[in-house]
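Trainee: If you read the sequences in order, they're chains A and B. Our numbering puts the first sequence at residues 1 to 181. Our numbering puts the second sequence at residues 1 to 491.
One or more of the hints may lead you astray.
Claimed, not checked - Computed cross-link-like contacts, PhoX-like style, restricted to lysine-lysine with a CA-CA straight-line distance of at most 20 Å:
#: 1; chain 1: B; residue 1: Lys-266; chain 2: B; residue 2: Lys-303
#: 2; chain 1: B; residue 1: Lys-12; chain 2: A; residue 2: Lys-25
#: 3; chain 1: B; residue 1: Lys-105; chain 2: B; residue 2: Lys-213
#: 4; chain 1: B; residue 1: Lys-12; chain 2: A; residue 2: Lys-170
#: 5; chain 1: A; residue 1: Lys-5; chain 2: B; residue 2: Lys-317
Honestly, the hints are just simulated from the structure, not real lab data.
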Amino acid sequence: MLEDKLLVWKFNRGSKDALRHIYEKYKDDLVTLAAALLTDVSSAEDVVHDVFVCFIRHSEKFRLTGTLKGYLATCVANNARNRNKARQKHTSYGLDEADVVSANSNSPNATAIFGEELRQLGLALAQLPYEQREVLILHLYSGMRFRAIAGQQGVSINTVQGRYRYAVDKLRSMLNGEVRK
Amino acid sequence: MRPTDNINRLIKKLKLKASASLDRRVHNDIDIALAESEKTESAHSKPNIWRIVMKNPVVKIAVAAAVVLVCLAGLHLWTGTKSGVALADVLAKVEQVQAFMYKMKTVMTGAMPGIPSMNREMDCTITTSNTYGTRWDITMTDPNGHGDKITEQFYVLPNRKVQIQIMPEQKKYMQMEFDGNCSTKQSSDDMLAKMKKQNNDPREMIKQIMNCKYTDLGRSEIDGIKVEGFRMTDPAFGGGVMEDANIVLWVDAEKWLPVRMEMDFKMGKQIQISSVIYDCQWDVSVDANEFEPIIPEGFTSIKAPSSTEDGAIEGLKSFADILGHYPKKLNIMDLAQELAAFLQEFAATDINTGEALQLSEKIKAAFKLKDEEELKELDKLPEEEKIKKIMEMLPEEEKVKINKIMEKKKIMEKIGDMTRQIQSLGRFYMTLVQEKKEPAYYGESVTPADTDKVLLRWKTSDSEYRVIFGDLHAETVTPEKLAELEATLPK
Chain A
1 MLEDKLLVWK FNRGSKDALR HIYEKYKDDL VTLAAALLTD VSSAEDVVHD
51 VFVCFIRHSE KFRLTGTLKG YLATCVANNA RNRNKARQKH TSYGLDEADV
101 VSANSNSPNA TAIFGEELRQ LGLALAQLPY EQREVLILHL YSGMRFRAIA
151 GQQGVSINTV QGRYRYAVDK LRSMLNGEVR K
Chain B
1 MRPTDNINRL IKKLKLKASA SLDRRVHNDI DIALAESEKT ESAHSKPNIW
51 RIVMKNPVVK IAVAAAVVLV CLAGLHLWTG TKSGVALADV LAKVEQVQAF
101 MYKMKTVMTG AMPGIPSMNR EMDCTITTSN TYGTRWDITM TDPNGHGDKI
151 TEQFYVLPNR KVQIQIMPEQ KKYMQMEFDG NCSTKQSSDD MLAKMKKQNN
201 DPREMIKQIM NCKYTDLGRS EIDGIKVEGF RMTDPAFGGG VMEDANIVLW
251 VDAEKWLPVR MEMDFKMGKQ IQISSVIYDC QWDVSVDANE FEPIIPEGFT
301 SIKAPSSTED GAIEGLKSFA DILGHYPKKL NIMDLAQELA AFLQEFAATD
351 INTGEALQLS EKIKAAFKLK DEEELKELDK LPEEEKIKKI MEMLPEEEKV
401 KINKIMEKKK IMEKIGDMTR QIQSLGRFYM TLVQEKKEPA YYGESVTPAD
451 TDKVLLRWKT SDSEYRVIFG DLHAETVTPE KLAELEATLP K
């Protein structure tokens, strides 16, 4: 979008207003994305904060090649992935994809962060393995293509598509009343 | 519904709001980071690297035309509805005339954001024939130059239902058909009547004065002719577009034909316009060939601004695309000012002169160029080829700078296109005001995301209003429905 290009152009030249405008424009979407990935609002806000701190530092060299929203979403996904890895390491959970339960699925946030209407979805998402959840959210919420997600996750496109199918199947069954309490 | 559709729908409904705490943290970091960068920023003066590699006249046109041309577009709209008496004899006499000529000199002075100061002059010779139409031969200060003069020919041809503007210096022309090009779907005859008003036809000016309050100045003498003067300072003159208007008409006391007309008024407080009509010749003989526009071979056509609903929507869309929001107000001067202020800010954040000169030297060295002539040769290359060559030869740091310039160029090209669209928008709104169609505009509170909020509305009949919504779709609604819609707008 041209407005984003203009904002980036101003941002490259140190415009505070442009940076604030970018933040105000995308903050809610980015917090939602990070919260859906990490199933935790507090960590989600930390991710968005980290992303913007990094963004500020690279103001002069930053070059926009795709969309600004896509770029920021990728930054959030990368940061959330790193955060999730660190958390898994810390809590010594197993890495078998089929058995991994989200590190913080016990968090009270996990079931309630998206409000009552989406409570069940929040709970179901929290029970998906991180990689599957990431594929699902990046594809459906951020509109990212499987190929791009494969690039981010460092796996083949077939693996990404497989993770997506698994995620959809599990969510479907959980939303059909099989959500573990 | 497929399961994936259902999940897709649910996931798209996910929505969280960033907390006030996050807002504070990020804004605080922005303040700190940028305060540090400001400390180290050099105090070099501003632009301009453009001329070195990518000179683009659109840039200048965008800034100057946005203000000057929009102002001029509003200069010649005259309208009125009441009837007068004292000048009726003059009007009756003038309306019997089949063809006439007069000269007009206009001086526009003032300063606005984006343009340091203006002192623009326009000299016109106007020939009007009831049979063939009207021809303007114009010499004016180039809005993009340093006092240079440019010429234009402008024709209004009722028989062909067309208006043609030829710009020899730019090798361009603009053609506007009358049919279907009006705000409220009037007939082409209505449009022609409006064109008369828009082009300073003395007959329309006299009618306009008659429609307002005026005073008789008594007798005087101009170039040996005994004249009677009439002064008009009614704020209603020009449909309220002109401020502090002071209009004086001098009429030949024996022949009851206009001899001279002086107009002084302001637009938006900043711009002062003084115009004099003189050397009037009534009942002259004219030749059909004088009203035959000759468009030289190789001249390219440019799209004309159009005072239509579609043109207004295009203007609103274009403005929002570039600035990220709708204009705050739609009257010509506020619109021009808002755009000019944005352009000023945009232009002020260029690569500084020192860097530009260094880059120029590096480009010269890279191509082993010895003088400006060779640099000019480089400038003649097709844009893409030129950029490609420069990019190949330069180190990474300079590539970044070139990329920034290219980004700016793309944006400026869009702004160049936007000028016409903004003119259309301003003219459309001004027409609504002057035609007393009860326009109301809510650009300060309505955004492109407000699909069901009234952005602009105007009356089309006693039982209907036309509404352009925040997402720029348009509907015709009843007064009751409009009241309901407007009740939802922020107070």
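Trainee: Hints broken by the structure, by number, lowest first?
Mentor: 1 and 3
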